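**Q** Could you slot chain B onto chain A? The hints should help.
Number of protein chains: 2
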Amino acid sequence: MAKKTSAAATGTIQNPLAIGIDIGGTGTKFGIVDRDGNVLFSGEMSTRGHADIDAYIDELARTLGELIDKAGGIGRMKGIGMGAPNGNYYTGTIEYAPNLPWKGIIPLAKMIEDKFKLPVSLTNDANAAAIGEMMYGAAKGMRDFIMITLGTGVGSGIVANGNLIYGHDGFAGEVGHTIIIPDGRVHEGTGKKGSLESYASATGVKLTALEMLEKRKEDSLLRKVPKDKMDSKAVYDAAIQGDKLALEVFEFTGKILGLALANCVMFSSPEAIVLFGGLTKAGELILKPTREHMEANLIQVFQNKVKLLISHLKESDAAILGASALVWEMK
Amino acid sequence: MAKKTSAAATGTIQNPLAIGIDIGGTGTKFGIVDRDGNVLFSGEMSTRGHADIDAYIDELARTLGELIDKAGGIGRMKGIGMGAPNGNYYTGTIEYAPNLPWKGIIPLAKMIEDKFKLPVSLTNDANAAAIGEMMYGAAKGMRDFIMITLGTGVGSGIVANGNLIYGHDGFAGEVGHTIIIPDGRVHEGTGKKGSLESYASATGVKLTALEMLEKRKEDSLLRKVPKDKMDSKAVYDAAIQGDKLALEVFEFTGKILGLALANCVMFSSPEAIVLFGGLTKAGELILKPTREHMEANLIQVFQNKVKLLISHLKESDAAILGASALVWEMK
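Line by line, the protein sequences give chains A and B.
Per our numbering, numbering through the first sequence is continuous, rising by one, with the last residue being 1174.
Per our numbering, numbering through the second sequence is continuous, rising by one, with the last residue being 1174.
Bound-form chain A, shown alone (with noise of 0.2 Å):
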């Protein structure tokens, strides 16, 4: 043990293994990576209940400790790449997370670093999803793609010229804040109207269905849905018996996703764009239009020529891949 933290120390570990931790507004995933992206030890906690940040904290000393030292203590461990809601890459701090428990500024780069003694990547969620599909993913290979998560919110990474888009201040890459529907639908969390996160995202599926129930007379298998109980699985479940109005939201959500999409080709021309996350499993539903309105809304030039490629990583390791996949840039 000793001669291993003595390795670590002149930057010299045999095999060196990563450590990708994921912090999400609910659940905290934490994994221990190989350079060929296995993950070797897995493990998650919840992200809430804790008294403050330095009770959470301690909860994944302990909890990641023991994953470390199953895979062979702290001397083999390069260091820690983690993914979290307004992750900052410049400045290790997490700001004013509308998703998280902390409010305000929270220099976590630096807390984790003092707790663990190892050097730490902080980013938010989607850019270190981005460089995971980069490294072990759809992108690999790839100089010039965009990476766009549909879960409970929509989030995004850009890479160009094979590196990713950090912008001035670190916070590039808001794609599902970007105005689609001048005056359209408020978002709760930001109080813009007509955003891509408002439609695109698990919760605009959900208030679409919604919206249409109320508006439309027609029968549909989403009226035996509870109110409180509408969500983008029983919309799927409804669509995939052919339910006409369900059908209706995933291409309603399709056209609005696929002008967005366009609008991210026009600006930076990708190869290709990755979907991850939840709504991706409604597959060639959510696809279909799509793709079908990116490529009518892009120039001539354009058309025809970017991949729509859904992530292939497992979803429970992706997350943790992903921030891991930082610390093998770290100079």
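Certain hints may be false.
Heads up, simulated EDC-like pairs for lysine to aspartate or glutamate below, C-alpha to C-alpha not over 20 Å straight-line [as the list claims (entries may be wrong)]: (1) Lys-1049/A to Asp-1071/A; (2) Lys-1036/B to Asp-1026/A; (3) Lys-1150/A to Asp-1012/B; (4) Lys-1124/B to Glu-1158/B; (5) Lys-1036/A to Glu-1138/B; (6) Lys-913/A to Asp-897/A; (7) Lys-1150/B to Asp-1012/A; (8) Lys-1036/A to Asp-1026/B; (9) Lys-983/A to Asp-1026/B; (10) Lys-1148/A to Asp-1012/B; (11) Lys-983/B to Asp-1012/A; (12) Lys-1148/B to Glu-938/A; (13) Lys-1070/A to Glu-1091/A.
Hints listed in this document are in silico derivations from the structure and should not be mistaken for laboratory results.
Bear in mind the structure is a predicted one, so any value in this text is a computation, not a measurement.
**A** Frame of chain A, contents of chain B only:
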């Protein structure tokens, strides 16, 4: 002279100069520029009225050749930088440019290289302008900014991590064609509905004025302008005299431009957006609503951070400077 040519051949030109050529839909501007961005000699000719592309290049060789001789001969020239609509940096071709007389795919860089026996670098006009701003203009020293040219059309050049984003195929930066108003005004050239260019260009301002005059009953100085003489200059002249309808035309244009810029900011988080071109002459008439609507559509983390700048390069020089700047980037 012989000595200079030989120096050029061995790559050790003393005080080398760069040639910049900007090809517009109507005119072609060219000039010879020193390393500090001084335009030493310049000239222009029509882009149109030639039998074919070879006749165009012959005239260019003749008129530009005279300037080269004045500037010390071909041996002092490091290379030629060119900006042209739909110019592709990777392939050196102009592809399907709707506003140029030559159709299809033109291997322009190769043709100019063969004619002048100098290395040639080609990109689209807005990308060239962005490089010019980065080397000599409002974006000097910036690593993340977006250039927007507001002329007959709307062009853009996006710089991230200090590099221009060309995209996987060399066509990145078509913000003018992003859709801002779904199902909005049809773009004459592309057939797409609601693109930024169909509103926030000189052409767009004219169309907005004509539409408002038709929809409204109120009096306006613009009612005295014959329909076929309506242009952004006429709208400006009326607006500075306090004409309510003309002012509204700029307010409306700024509203759409501001929304589009907000989307750009949430994509790549630039330090600044540099505006250039005819429409910027309207000053605060267009800037004020643009700034307000940009801020109103940004989520908190981006608010009151992004500089909205007007290019201060002399308009007649800027296109040449931008194109010539490509030469100093040659490897």
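**Q** For every hint, state whether the structure bears it out.
**A** Right, here's what the structure says about each hint:
1. A distance of roughly 10 Å separates the Cα atoms of Lys-1049/A and Asp-1071/A; the hinted pair therefore holds under the 20 Å criterion.
2. With a CA separation close to 17 Å, the supplied pair Lys-1036/B and Asp-1026/A stays within the 20 Å bound.
3. Taking the CA atoms of Lys-1150/A and Asp-1012/B, the gap is near 13 Å; set against the 20 Å cutoff, the hint holds.
4. With a C-alpha separation of about 11 Å, the suggested pairing of Lys-1124/B with Glu-1158/B holds against the 20 Å cut-off.
5. Using a Cα cut-off of 20 Å, the hinted pair Lys-1036/A and Glu-1138/B holds, with the two alpha carbons roughly 13 Å apart.
6. Restraint check: the Cα-Cα separation between Lys-913/A and Asp-897/A comes to about 24 Å, which exceeds 20 Å; the hinted pair is violated.
7. Using a Cα cut-off of 20 Å, the hinted pair Lys-1150/B and Asp-1012/A holds, with the two alpha carbons roughly 13 Å apart.
8. Under the criterion of a C-alpha separation no larger than 20 Å, the hint pairing Lys-1036/A with Asp-1026/B is consistent with the structure, at around 17 Å.
9. Restraint check: the Cα-Cα separation between Lys-983/A and Asp-1026/B comes to about 36 Å, which exceeds 20 Å; the hinted pair is violated.
10. Restraint check for Lys-1148/A and Asp-1012/B: the C-alpha separation of about 9 Å stays at or below 20 Å, so the hint holds.
11. For a cut-off of 20 Å, the pair hint linking Lys-983/B to Asp-1012/A stands: about 18 Å separates their Cα positions.
12. For the hint pairing Lys-1148/B with Glu-938/A, the CA-to-CA distance comes to about 15 Å; that is within 20 Å, so the pair holds.
13. Taken as a hint, the Lys-1070/A and Glu-1091/A pair is honoured in the structure, with Cα atoms around 18 Å apart against an allowance of 20 Å.
In summary, the structure is inconsistent with hints 6 and 9 from the numbered list given earlier, while agreeing with the others.
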